[in-house]
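Construct the entire structure; sequences and hints are all you get.
Going down the list, the protein sequences come from chains A and B.
Going by full-length UniProt numbering, the first residue of the first sequence is number 1, and it counts up by one from there.
Going by full-length UniProt numbering, the first residue of the second sequence is number 1, and it counts up by one from there.
Treat the hints with care, since some could be wrong.
Below, in silico cross-link-like pairs of lysine to any residue (SDA-like), each with a Cα-Cα straight-line distance of 20 Å or less [stated by the list, open to error]: (1) A:LYS11 with A:PRO70; (2) A:LYS92 with B:ILE202; (3) A:LYS92 with B:GLY204; (4) A:LYS28 with A:THR287; (5) A:LYS11 with A:GLU53; (6) A:LYS28 with A:PRO286; (7) A:LYS92 with B:GLY198; (8) A:LYS92 with B:VAL205; (9) A:LYS92 with B:GLU187; (10) A:LYS92 with A:PHE123; (11) B:LYS26 with B:LEU190; (12) A:LYS92 with B:THR199; (13) A:LYS11 with A:LEU68; (14) A:LYS11 with A:GLY45; (15) A:LYS11 with A:GLY73; (16) B:LYS26 with B:GLU284; (17) A:LYS92 with B:ARG201; (18) A:LYS92 with A:GLY127; (19) A:LYS92 with B:LEU190; (20) A:LYS92 with B:ILE189; (21) A:LYS92 with A:ILE69.
Covered stretches of chain A (in silico footprint by chain B; criterion: 3 or more residues with CB under 8 Å from a CB of chain B, positions within the stretch not fixed) [as the list claims (entries may be wrong)]: (22) 100-114; (23) 119-132.
Every beta carbon over 10 Å from chain A, so not counted as near; a handful from chain B, in silico [as the list claims (entries may be wrong)]: (24) PRO32; (25) LEU40; (26) ARG138; (27) LEU162; (28) ARG174; (29) LEU218; (30) ASN260; (31) VAL265; (32) GLU284.
It should be emphasised that the hints constitute simulated quantities derived from the structure, not laboratory data.
Think of the CB as a built atom: it goes at the ideal place given N, C-alpha and C, for glycine as much as any other residue.
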Amino acid sequence: MSTLLEVEHLKVRFRSMGALRALMRRVKDPYIDAVCDVSFRIGRGETLGLVGESGSGKSTIARALMGLIPSHGGSMRFDGTELRGLSQRAYKPVRRDMAMMFQDPVGSLSPRLTVRSLITEPFRIHGVRDRDMDAETRRLLEMVGLPAGFAQRFPHQLSGGQARRVGVARALALDPRLVIADEPTAGLDVSIQGEVMNLLAELQDRLGIGMVVITHNLNVVRHISDQMAVMYLGRFVEQGPTEEVFHRPRHPYTEVLLSANPEPDPDAKLHRVEARGDIPSLAHRPTGCEFHTRCPRARDYCREVAPALSSAAPDHTYTCHFPLEADAKERRLEA
Amino acid sequence: MVATAETTRSEQTDVRGDSAWVQHWKQLRSNPLGLFGLVLVVLMVGSAVLADVIVPYDPTQILVGPRLGPPSWEHPLGTDQLGRDTLSRVIMGGQVAMLVAVAALSVALSIGLLLGLIAGFGPRWLDNGLLLVLDSVRAFPVIIFALAVITLLGPSLTTVVLVVAITSIPVYARVVRTQTQSLSDNEYILAERAMGAGTPRILGVHILPNVIGPLLILASMDVPLVIALEAGLSFLGMGVRPPTPSWGTILNNGYNYIQNSPWPVIAGGIPIILTTLGFTFLGEALRDIFDPKLRRDV
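Below you can see the structure in the form of structure tokens.
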């Protein structure tokens with residue numbers, strides 16, 4: 001499968017204080033690293049799921065990809081074009097091929113525009129004038145399963161699920177090759193979540209678009225992504241094919257996330273693994289393995305030495321000194 | 001285009017309620033003070049627009065009748081110290097007052113809007129620079145600033161408009177800046193940027209329509225301030241030049257002869273009071289209607 005997006009050693013930093021204050025406090029490096037050394041590859045029509053707690057840098061990666069915030073290292077190649085260092089003007093054609101759906105379904109729609117104006121906005125922005133906007137409106141609404149009458153509605157007249165569908169229609173208006181979905185199911189009822197997930201999966205099958213799905217809902221990841229990556233403090237701690245990671249997690253953090261995921265079967269025997277304490281501040285990263293402060297398996301060694309990237313399979317990588325064994329899940333179920 | 005719009009509408013299946021404007025009108029109707037304001041404003045603006053047609057006498061013509069005469073059938077508001085018809089002068093003075101208000105506020109509104117959008121959406125250093133200038137302008141006491149400008153440029157209608165415009169710009173610019181900043185934090189602005197929309201499009205299509213409503217309400221509440229300022233400057237002899245009538249000059253002249261007759265002062269003062277009340281009531285009613293947070297009945 002040919003590569004659509006290849007990200008290597010991406011780094012995004014935010015200023016943590018003003019230049020003057022940094023000078024006064026003698027802070028040499030007044031930045032925090034929100035995303036650190038992140039690499040991944042998405043093929044055409046493939047989906048990558050990004051999971052991790054709030055503040056782990058998932059959305060930051062999305063915004064850096066869309067050129068909404070600057071990145072500070074590494075490379076991002078989309079369809080062979082290097083995106084880092086492009087001017088806003090040069091980014092415009094990229095934004096035609098790469099669409100992003102934002103977290104808040106209603107809040108990401110401009111409140112004074114009708115649904116028709118909202119979903120045809122990409123045509124106007126990119127100067128596509130040779131199409132019949134009424135026909136396009138009908139085509140896009142039908143594609144996301146909304147009646148044509150919705151064209152005249154305003155965002156505040158839509159429910160969360162309907163607004164999300166409008167967001168999907170808008171993202172797909174110009175037939176992008178990559179769609180970045182930031183929490184596509186956040187704030188929706190469980191039944192609506194299912195509908196939106198099915199819609200995304202179906203559209204992806206039919207249109208063959210690549211997707212990056214950011215979520216902390218593991219069911220979403222399992223449902224629609226081929227590959228998944230687990231983020232902690234701006235780094236990928238485990239990355240691999242979704243089923244592989246679900247069945248044979250290696251990193252203790254992945255295990256914590258998986259065991260925190262509610263099981264539909266109330267009688268299922270649960271083996272809960274919990275992380276202690278809270279997620280550390282990005283400004284004070286722990287030494288050694290950054291997960292050691294919360295890891296149930298941490299030893300002294302972990303506090304001192306940062307683990308290198310290891311592979312369980314050619315495309316399944318993790319960073320842990322004492323990974324879970326491959327049969328851990330099976331043993332867990334027996335226990 | 002018209003035909004396609006109709007087909008889309010006919011496909012509509014749900015029943016829609018009143019349009020926004022009908023709803024606003026219903027709210028205004030249930031607000032007696034606001035309605036009173038509206039009536040006063042319509043009366044004042046109407047008489048200003050039609051002033052040349054409805055004046056019973058030429059407001060600058062010196063009549064042969066009594067001077068400082070009390071109200072009578074020929075002169076409902078009496079005559080001034082030169083024997084001119086006070087009602088005609090009040091009506092023409094209203095035209096001057098409205099002209100100053102509309103001219104000054106539209107200039108202040110457009111420049112304030114532009115500066116506010118730049119400060120609110122532009123880079124931080126530009127924002128800080130603009131704020132410094134705006135706050136410096138606003139720090140001047142209005143009357144002192146007005147007297148200084150009038151001394152420099154000479155008293156005239158244009159000077160009054162200029163003074164009012166300059167002193168009002170910072171107020172509007174600040175309001176627009178704050179609104180723009182809070183709107184820019186919305187996710188839909190980020191979504192527009194992600195779609196590739198440029199700054200002009202984001203400002204024009206997605207921010208301006210959300211800023212303009214509150215701004216127009218603010219402006220309508222500022223009309224009485226401007227009228228009072230014009231009257232004040234004219235009272236001080238620094239505004240409109242005689243023989244052009246202005247509420248301020250009517251007051252000033254009447255004040256000199258108040259021991260002979262109270263009528264000119266009453267005739268010049270009442271329209272100022274009524275206009276102030278009218279625009280204030282209407283402005284407050286509009287604010288309640290358009291600001292959903294203050295809405296009681298929804």
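Right, here's what the structure says about each hint:
no.	hint	result
1	A:LYS11 with A:PRO70	holds (10 Å)
2	A:LYS92 with B:ILE202	holds (14 Å)
3	A:LYS92 with B:GLY204	holds (19 Å)
4	A:LYS28 with A:THR287	holds (19 Å)
5	A:LYS11 with A:GLU53	holds (19 Å)
6	A:LYS28 with A:PRO286	holds (19 Å)
7	A:LYS92 with B:GLY198	holds (9 Å)
8	A:LYS92 with B:VAL205	holds (18 Å)
9	A:LYS92 with B:GLU187	holds (19 Å)
10	A:LYS92 with A:PHE123	holds (13 Å)
11	B:LYS26 with B:LEU190	violated (36 Å)
12	A:LYS92 with B:THR199	holds (13 Å)
13	A:LYS11 with A:LEU68	holds (14 Å)
14	A:LYS11 with A:GLY45	violated (25 Å)
15	A:LYS11 with A:GLY73	holds (5 Å)
16	B:LYS26 with B:GLU284	holds (16 Å)
17	A:LYS92 with B:ARG201	holds (14 Å)
18	A:LYS92 with A:GLY127	holds (11 Å)
19	A:LYS92 with B:LEU190	holds (14 Å)
20	A:LYS92 with B:ILE189	holds (16 Å)
21	A:LYS92 with A:ILE69	holds (14 Å)
22	100-114	holds (count 11)
23	119-132	holds (count 4)
24	PRO32	holds (30 Å)
25	LEU40	holds (31 Å)
26	ARG138	holds (27 Å)
27	LEU162	holds (34 Å)
28	ARG174	holds (23 Å)
29	LEU218	holds (19 Å)
30	ASN260	holds (59 Å)
31	VAL265	holds (49 Å)
32	GLU284	holds (24 Å)
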